[in-house]
Amino acid sequence: MNPNSRAFLQLPQGTESFYLEEALEHEETVQGLKKFFASWGYLPVQTPVFDFYDIYRPFFDHAAAEKIYRLVDREGDLLMLRSDATLFLAKQLGRLENSSLPLRVFYADTILRHQDAEDISRNEFYQIGAELIGEGGSFADLEALMLLAGCLQTAGLEDYRIHLGSREVFGAALPDTDDKQAAAAVSLRDAPALEDILSRAGCEKEKAGFLVQLFLYIGDSGGLEELAARGKARGYINCDLEKALDYLSLLWAQLEELGVSGLFRLDLSETASQGYYTGIVFQAYKEGIDSAFASGGRYDKLLARFGFDAPSVGFSLMLSKIENFLSGIHGPRQRSCESAGGKTFAEAFRGAEEKRKSGIPVVIKGNPA
Amino acid sequence: MSPERMAGHPLSLALPKGRLFNQALEHFAARGLCVSPPDRELIVTDNKGMLRIFIVKNSDLPVYVSHGIAGLGICGSDVLYESGGVFFELLEFSFGSARMCLAAREDHDQDAAIKHLKVATKFPVFTRNFFNRRGIPVEIIKLNGSVELAPVLGLAPYIVDLVETGSTLKANGLKIVEELENTRVKLIANPAYYKVHYGEVDTFVGFLKERA
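In the order they appear, the protein sequences are chains A and B. Per the numbering used here, the very first residue in the first sequence carries number 6; after that it's consecutive. Per the numbering used here, the very first residue in the second sequence carries number 5; after that it's consecutive.
Simulated from the structure, these hints should not be mistaken for laboratory data. Some clues are possibly wrong.
Unchecked claim - List of simulated lysine-lysine pairs, DSSO-like, C-alpha gap at most 27 Å:
no. : chain 1 : residue 1 : chain 2 : residue 2
1   : A       : Lys212    : B       : Lys213
2   : A       : Lys185    : A       : Lys248
3   : A       : Lys291    : B       : Lys190
4   : B       : Lys122    : B       : Lys174
5   : A       : Lys185    : A       : Lys72
6   : B       : Lys52     : A       : Lys291
7   : B       : Lys190    : A       : Lys210
8   : B       : Lys213    : A       : Lys210
9   : B       : Lys146    : B       : Lys179
10  : B       : Lys146    : A       : Lys72
11  : A       : Lys96     : A       : Lys185
12  : A       : Lys306    : A       : Lys96
13  : A       : Lys96     : A       : Lys72
14  : A       : Lys306    : A       : Lys72
15  : A       : Lys96     : A       : Lys39
16  : A       : Lys248    : A       : Lys237
17  : A       : Lys291    : A       : Lys72
18  : A       : Lys360    : A       : Lys370
19  : B       : Lys21     : B       : Lys61
20  : B       : Lys190    : B       : Lys213
21  : B       : Lys190    : A       : Lys185
Sequences are here, hints too, so could you generate the full structure?
This is the structure in structure tokens:
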């Protein structure tokens, strides 16, 4: 074996390569989605490949921090490679003027984070996403949801569901509990743990049972409204919770009116792993994909941490997870292309150009000399 | 959705080889869900068409579920803890619980205070975390089986292992120094698989909860 072959054969964890048709399809999908975002009035932004680690450290728990590639610059400052496009973007947006709002931006970038050998199938290498900065309210939330659905339709993804939850419902229903512990119990749908947290917070048993049922609910708006009505009759729903649940119903009614509610499910166990979300939160799932391939939500306080206070909503899509399921932008895989030859290069070149007019890929053949 | 309606769309379930496999099949059979014991096949189905069962090595089970190859799995809490994976825990079974114990040779001085541990074990993550929480540093020697040999042959004075009856310990001249934790057998789900199939999975969980 060539002494250098180990270096050639091994890939660092967290990297990937595209080859030939695969690379072409990836490029076509990205270009198609960029056009789609542009048609909604979104402008492209590019984030830096690396930035100062200290700025982002408070956003990562221990496990997430371990996956970040870090390096030291010439002045001795600790840098991190881009592991999450949204966070890098948030810092860039901090330099904006209020007069430029509302702002619609999209990005499509590789991200770099370590993945364990057992975790490698997560395919989190390429994020494409959009953010609507400086708009609160239902129009902006619905725009983000419809933008994601439109994005997936453009790419040709079928049979997926977007699970829609609410950080406001979570905050209103569990005001006196440890936020991180309760969010973990809710997102893991761990009923015993949530009951235990509620009991320690002084919540009576029947009310705790109702709240657990509420957070485990998945379905349409009708089922949630029935559940909420039962809770309200027993006095388990406070004013804030009622308002937050009504807001979800309002969004659902609009999705129904648009004829797309079949793509969505209300799911109050969606609380988002990132603590910075403040309103709606959503994740998209599909049979055969081992984790959510898209996630997003409203984050009205995040930009303030970078010196720019503006309500915002957005999402990111892990493109590598869904690329095997796409049929929309690129046609069937086609390796073959025609060739054109001639006695001289000029003759071969002209022949090739003529054939290319019909849209067929053509290679210039041979070198008689 | 009734179990009958689920036929044709079986749920994928990973079961670990060995003792837990037989106990899980007994639990299913008591509720009318029969799986013929496989000869050498590693993929089997049941008589109602509810399940497509993959038979895997116990410690590999969380990997299959984490990757979504099997949407569901039945697994001990000890193996789950070691894997570090994120799963929905849907049900705790009454069968298969065991004691995670610290054991040593029979001549070990039970009253001696433990200030530093050298432990041979199949459960390094649990062992390190458990004793570190007590402020005791642990030197781990990772083994994959026959852990009881370690103190006998002098590889390490202590082992941390699952104990059911204690007869294997006794046969090898070992004794329990301390019971650390009771492990439980759980039905787990890949979170994304659950979100896609929550109706069918909830039906299956309800079916497993039925009294035999």
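Each hint tested on the structure:
1. Straight-line distance between C-alpha atoms of Lys212 (chain A) and Lys213 (chain B) comes to about 24 Å, which keeps the hinted pair within the 27 Å bound.
2. Among the hinted pairs, Lys185 (chain A) with Lys248 (chain A) is consistent with the structure: their alpha-carbon atoms are about 23 Å apart, no more than 27 Å.
3. Among the hinted pairs, Lys291 (chain A) with Lys190 (chain B) is consistent with the structure: their alpha-carbon atoms are about 25 Å apart, no more than 27 Å.
4. Using a Cα cut-off of 27 Å, the hinted pair Lys122 (chain B) and Lys174 (chain B) holds, with the two alpha carbons roughly 21 Å apart.
5. For the given pair, Lys185 (chain A) sits about 21 Å from Lys72 (chain A) by alpha-carbon distance, which is consistent with the 27 Å threshold.
6. As the CA atoms of Lys52 (chain B) and Lys291 (chain A) are separated by approximately 26 Å, the hinted pair is consistent with the 27 Å bound.
7. Of the supplied pair hints, the one linking Lys190 (chain B) and Lys210 (chain A) holds, its CA atoms being roughly 25 Å apart against a limit of 27 Å.
8. Between the alpha carbons of Lys213 (chain B) and Lys210 (chain A) the distance comes to roughly 22 Å, so the proposed pair stays at or under 27 Å and holds.
9. At roughly 20 Å between alpha-carbon atoms, Lys146 (chain B) and Lys179 (chain B) fall within 27 Å of each other, so this suggested pair holds.
10. Between Lys146 (chain B) and Lys72 (chain A) the alpha-carbon distance is near 24 Å, which keeps this suggested pair within the 27 Å criterion.
11. Pair hint Lys96 (chain A) plus Lys185 (chain A) holds up; C-alpha atoms about 24 Å apart against a cutoff of 27 Å.
12. Using a Cα cut-off of 27 Å, the hinted pair Lys306 (chain A) and Lys96 (chain A) holds, with the two alpha carbons roughly 13 Å apart.
13. This hinted pair checks out: Lys96 (chain A) and Lys72 (chain A) have alpha carbons roughly 20 Å apart, not beyond 27 Å.
14. For the hint linking Lys306 (chain A) to Lys72 (chain A), the alpha-carbon distance of about 25 Å falls within 27 Å, and the restraint holds.
15. Using a Cα cut-off of 27 Å, the hinted pair Lys96 (chain A) and Lys39 (chain A) holds, with the two alpha carbons roughly 22 Å apart.
16. As the CA atoms of Lys248 (chain A) and Lys237 (chain A) are separated by approximately 12 Å, the hinted pair is consistent with the 27 Å bound.
17. For the hint pairing Lys291 (chain A) with Lys72 (chain A), the CA-to-CA distance comes to about 25 Å; that is within 27 Å, so the pair holds.
18. This hinted pair checks out: Lys360 (chain A) and Lys370 (chain A) have alpha carbons roughly 13 Å apart, not beyond 27 Å.
19. Under the criterion of a C-alpha separation no larger than 27 Å, the hint pairing Lys21 (chain B) with Lys61 (chain B) is consistent with the structure, at around 6 Å.
20. A threshold of 27 Å between alpha carbons decides the hint, and for Lys190 (chain B) with Lys213 (chain B) the separation of about 12 Å falls inside it, so the pair holds.
21. Among the hinted pairs, Lys190 (chain B) with Lys185 (chain A) is consistent with the structure: their alpha-carbon atoms are about 24 Å apart, no more than 27 Å.
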